[in-house]
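Q: Keeping the supplied structure of chain A fixed, place chain B upon it in accordance with the hints.
Residue numbers (the numbering used here), protein chains in the order written: chain A, 6 to 404; chain B, 3 to 468.
Each hint should be verified, as a subset may be incorrect.
What the hints assert, rightly or not - For lysine to any residue, the following SDA-like pairs were computed, each having C-alpha atoms within a straight-line distance of at most 25 Å:
#1 A:Lys-202 to B:Glu-415
#2 A:Lys-205 to A:Pro-195
#3 B:Lys-436 to A:Glu-212
#4 B:Lys-408 to B:Ile-34
#5 B:Lys-190 to A:Asp-334
#6 B:Lys-69 to A:Asp-334
#7 B:Lys-416 to A:Asp-364
#8 B:Lys-250 to B:Ser-275
#9 B:Lys-69 to A:Thr-287
#10 A:Lys-202 to B:Lys-350
To be verified - Calculated from the model, a selection of chain A residues having no Cβ within reach of chain B, i.e. all distances over 12 Å:
#11 Ile-67
#12 Lys-219
#13 Ser-347
#14 Gly-352
#15 Glu-399
To be verified - Restraint ranges, calculated between C-beta atoms of paired labels, are given here:
#16 A:Val-280 to B:Glu-321: 31 to 39 Å
#17 B:Asp-56 to A:Gln-73: 53 to 61 Å
#18 A:Gln-190 to B:Glu-274: 27 to 35 Å
#19 A:Ala-79 to B:Asn-258: 54 to 62 Å
#20 B:Gln-391 to A:Gln-190: 19 to 27 Å
#21 A:Glu-399 to B:Glu-71: 46 to 54 Å
#22 B:Lys-408 to A:Val-280: 51 to 59 Å
#23 A:Leu-360 to B:Gln-203: 32 to 40 Å
Read the hints as simulated data drawn from the structure, not as lab findings.
These numbers were taken from a predicted model, which means no experiment stands behind them.
All residues carry an ideal CB built from backbone N, CA and C; glycine is no exception.
Chain by chain, the residues:
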Amino acid sequence: MASRRHFIKQSSLAAAGTMMIPAFLKAFEAQALSPDDKILVVIQLSGGNDGLNTVIPYRNDIYYRERQTIAIPANDALKISDELALNPAMEKFRRLYNDGLVSIVNSVGYPNPDRSHFRSMDIWHTASNSDEYLTTGWLGRYLDSQCNGICQSHQAIELDDTLSLALKGHNVKALALQDPKKLYQAVHSPVYENIAKYGKPADDSHENVAYLYKTMAETISSADYIYQKSEIKNGYADYPNSALAKRLKTVAELINGGAQTRVYYVSLSGFDTHVRQNQQQTRLLTEYSEAVYAFMQHLKSIGKQQHVAVLTFSEFGRRVAQNASNGTDHGTANCLFLMGASLKKTGVFNPVPDLSNLDNGDLKYQIDFRSIYANLVQDWLKADIAAVLGRNFEPIRLV
Amino acid sequence: MPSNQQHLQHLYLRAGFGLLPEQLPTALQLPIHKHVEAIFSDSKSYQSLNLLNDNELRVVKLLFSDKEERKEMAMDALNRGRELNLLWMRQMAESKAGLREKMTLFWHGHFATRTLNAFFAQLQNNLIREKALGKFGDLLMSISKDPAMLQFLNNQQNRKNSPNENFAREVMELFTLGRGNYTETDIKEAARAFTGWGFNQQGEFVFRRFFHDTDLKTFMGKRGNWGGEDIIRMILDKRETAVFVTRKIYRHFVNNTPDKGIINELANIFYESEYDIGKLMNKIFTSDWFYSPKNIGSRIKAPVEYITQFRRQFGLQFEPENALLFIQKLLGQVVFYPPNVAGWAEGKNWIDSSTLMVRTLLPFSIMREIELPVEAKDDGDVNTEFLAQRNFRKLKATANWDALSKIASGSSEKEILEQLAAYLLQNKLSDANKQLILRNTPTANREAAVQFISLSLASLPEYQLC
Chain A
6 MASRRHFIKQ SSLAAAGTMM IPAFLKAFEA QALSPDDKIL VVIQLSGGND
56 GLNTVIPYRN DIYYRERQTI AIPANDALKI SDELALNPAM EKFRRLYNDG
106 LVSIVNSVGY PNPDRSHFRS MDIWHTASNS DEYLTTGWLG RYLDSQCNGI
156 CQSHQAIELD DTLSLALKGH NVKALALQDP KKLYQAVHSP VYENIAKYGK
206 PADDSHENVA YLYKTMAETI SSADYIYQKS EIKNGYADYP NSALAKRLKT
256 VAELINGGAQ TRVYYVSLSG FDTHVRQNQQ QTRLLTEYSE AVYAFMQHLK
306 SIGKQQHVAV LTFSEFGRRV AQNASNGTDH GTANCLFLMG ASLKKTGVFN
356 PVPDLSNLDN GDLKYQIDFR SIYANLVQDW LKADIAAVLG RNFEPIRLV
Chain B
3 MPSNQQHLQH LYLRAGFGLL PEQLPTALQL PIHKHVEAIF SDSKSYQSLN
53 LLNDNELRVV KLLFSDKEER KEMAMDALNR GRELNLLWMR QMAESKAGLR
103 EKMTLFWHGH FATRTLNAFF AQLQNNLIRE KALGKFGDLL MSISKDPAML
153 QFLNNQQNRK NSPNENFARE VMELFTLGRG NYTETDIKEA ARAFTGWGFN
203 QQGEFVFRRF FHDTDLKTFM GKRGNWGGED IIRMILDKRE TAVFVTRKIY
253 RHFVNNTPDK GIINELANIF YESEYDIGKL MNKIFTSDWF YSPKNIGSRI
303 KAPVEYITQF RRQFGLQFEP ENALLFIQKL LGQVVFYPPN VAGWAEGKNW
353 IDSSTLMVRT LLPFSIMREI ELPVEAKDDG DVNTEFLAQR NFRKLKATAN
403 WDALSKIASG SSEKEILEQL AAYLLQNKLS DANKQLILRN TPTANREAAV
453 QFISLSLASL PEYQLC
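Excised from the complex, chain A in its bound form:
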């Protein structure tokens, strides 16, 4: 505690001499993670990952009939049950699965699915109905619900330079950073630092001016704090060389450093496989699988596997039938993964998708993704479902 307080006093915000210091100090103390606090990591597979070639129904004739050239041969697939197998690129993921760290949920979606990337991603980010438009995200509203007058953007971090809608609340928005050091350097570049440290509004009562100054002050203070936490390394370095691995490594380092961050958000892009799918998906699933494996090993080495839940989702799955370009077009329901050492249910959570009962060539959803969010909100982040999701969803108890 002493060293943290010391650090904050040394940090740029304290030097700025603004009226916000006491609130900040209080915030740091009040919102410190207790050793039992749980952390959520969200991995977004952008572009619509093809779930049927990720978790493969290798005994299903329809699957092979509809995907003449892109179906994964049963002999190549990594079997996990009598009916399902993983994509051959997911060897490392299968190890996690065999270690009892994974729960696979099939046929996740929502009513009246939208097949447009940005709209469907919007729906996943805001947890809205498909005919409803919200300007805040579910994790942003989680931040709002945690904020009792003192809001800290770094309670949630997106490992990226720009912030996704999922992490924007009414009053609080998460912190976006790809790399703690890079952000630290950026906010300490002369222009930014000078304004954030010494700049002042002429009139404190102007709401939007005050909001802008506050955002800058919070950003520099959070950047300092996160950078300091990221520098406490435990030396674990067994990561593959990929963008996703790099970001997950940063997450693990921040967890190791004791950062007061409850939510981390990471994306992997490129899953829009209309053409020559297998080549591209193999590359991406390899990157995904190796990165999460290293991440989980890292967590294990710091004794944090029980404290972390990892949610992996994509905005939609793809059509059951392949297209003429050895790819697949936009579909609907999809599989979703939860990972961690505190899962209530591991293995394959629900039956494989029924390929004989389709809606216009697309899978029918069985589980509303918001019932999984509800579980994470209530049982993991200990927040109120209705406050975060806008109304009550019956949680599916995975954690």
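A: Showing chain B alone in chain A's frame:
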């Protein structure tokens, strides 16, 4: 009677994209009401976007092409979309018809549409521009028959035996009445009335009567053999439409915090004038309350406003212009790519740790050709990945320092600062900020001082407001 500089700038920032520095001295000599007249008359003639003459993505053409050709056509379409974006951005920065361009941007967010077909995007944009200051009913009717909209909200698939309610719902929820002023039955019945509304390959509206449901429908309690035109007419008959649209205009052009009394008064004028948009805007710009201190400098600039005002105030020429796509993407508003049919969320939604950092660092980065320390996110859609391309990150522009220098005629750095701040900022500058800038201002020569001070002012939080 000369104008108050702050009021004058307020008018031009809201009714357009701001005064050019070289316009300021003479503009100050005229009273505000003369400027309002000039703004409307300057918007009488205007330029359409004329990048494409024809629908390059015709199905017929696609069918008779081989794989490579199709791929090329798809690439071409993407490039066209990009060029169209930059063309409009340039037009916003350079057009004399500033009000018309500003209204076009507003309606572009109101009737938010995405299409991969650049020709359709251009058609819709030109249609909005043409009707942006006319009768709202005309605009609404044309938009409802516009190919990009028909495609985007699935009315092309809206047929007698399988109605698609998407357009019927959004036209009421987002374009006219707003939630709570219609029922689910109204949506179902309206969808039936819009069955058969489609478009052809040339982008022309087509009424396909074999797909049209000719049975009786009950819309808003009225029974009849309604067609789409009837539904739109009945929606316009409802005063709630005038209130809903006026409220949105007020929040966009006056103050993000709505004022119920003023909005109702304006909505009455709008309704009684049969939805004359020009009249409504004129009423706003000529009302005393428009110039009240609580409205001046109150709005957080939308990214496109921010970029465009910046270009105008500094006379920026980007080389290459592709950087403007990257900046739009980083700041969260890419024209022709609204997030969804509800358009862009405004106000504080524009600002988070990342977007504000980009805005803060941008002015000096452009001038010193420094790469911003940020990358744009690839959102996973193959059709928009170009926005995150690395080679768009190079920021380079030249500015028209002479024009800014003329505004800053003072001899001391302090005077230069006061004069530039009066032009670039609509909010008062604190003593702390003045000292901060003056402390670092190079004193070697006047030009360097003008440049440093201007860029410093443009980096401040106050510059994010207009």
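Q: Compare the structure with each hint and give your call.
A: These are the hints, each one checked on the structure:
1. Distance restraint check for A:Lys-202 and B:Glu-415: the Cα-Cα separation of roughly 23 Å lies within the 25 Å cut-off, and the hinted pair is therefore satisfied.
2. For the given pair, A:Lys-205 sits about 16 Å from A:Pro-195 by alpha-carbon distance, which is consistent with the 25 Å threshold.
3. A C-alpha spacing of about 21 Å is found between B:Lys-436 and A:Glu-212, which places the hinted pair at or below 25 Å, so the restraint holds.
4. The hinted pair formed by B:Lys-408 and B:Ile-34 meets the criterion: a straight-line CA distance of about 23 Å does not exceed 25 Å.
5. The hinted pair formed by B:Lys-190 and A:Asp-334 fails the criterion: a straight-line CA distance of about 29 Å is larger than 25 Å.
6. Between B:Lys-69 and A:Asp-334 the CA atoms are separated by roughly 17 Å; this keeps the pair inside 25 Å, and the hint holds.
7. Distance hint between B:Lys-416 and A:Asp-364 is unfulfilled; the C-alpha atoms sit about 70 Å from each other, more than 25 Å.
8. For the hint linking B:Lys-250 to B:Ser-275, the alpha-carbon distance of about 18 Å falls within 25 Å, and the restraint holds.
9. Restraint check: the Cα-Cα separation between B:Lys-69 and A:Thr-287 comes to about 24 Å, which is no more than 25 Å; the hinted pair holds.
10. A threshold of 25 Å between alpha carbons decides the hint, and for A:Lys-202 with B:Lys-350 the separation of about 22 Å falls inside it, so the pair holds.
11. No beta-carbon of chain B is positioned within 12 Å of the beta-carbon of A:Ile-67; the least distance is around 25 Å.
12. The beta carbon of A:Lys-219 is not kept farther than 12 Å from every beta carbon of chain B, the shortest such distance being approximately 9 Å.
13. Its beta-carbon lying about 30 Å from the closest one in chain B, A:Ser-347 satisfies the requirement of being farther than 12 Å from that chain.
14. For A:Gly-352, the condition that its CB be more than 12 Å from all CB atoms of chain B holds, with the nearest at approximately 29 Å.
15. The non-interface label for A:Glu-399 is consistent with chain B: the shortest C-beta to C-beta separation is roughly 24 Å, beyond 12 Å.
16. At about 34 Å, the CB distance of A:Val-280 to B:Glu-321 agrees with the hint of 31 to 39 Å.
17. Separated by about 37 Å at the C-beta atoms, B:Asp-56 and A:Gln-73 break the suggested range of 53 to 61 Å.
18. Separated by about 59 Å at the C-beta atoms, A:Gln-190 and B:Glu-274 break the suggested range of 27 to 35 Å.
19. Remark: the range hint 54 to 62 Å for A:Ala-79 to B:Asn-258 is upheld by a beta-carbon distance near 59 Å.
20. At roughly 24 Å, the beta-carbon separation of B:Gln-391 and A:Gln-190 lies within the given 19 to 27 Å, and the hint holds.
21. Between A:Glu-399 and B:Glu-71 the beta carbon distance is about 52 Å. The supplied range of 46 to 54 Å therefore holds.
22. Here the CB-CB span from B:Lys-408 to A:Val-280 is close to 56 Å, well matched to the stated 51 to 59 Å.
23. At roughly 36 Å, the beta-carbon separation of A:Leu-360 and B:Gln-203 lies within the given 32 to 40 Å, and the hint holds.
Of the numbered hints stated above, those contradicted by the structure are hints 5, 7, 12, 17 and 18, listed in ascending order.
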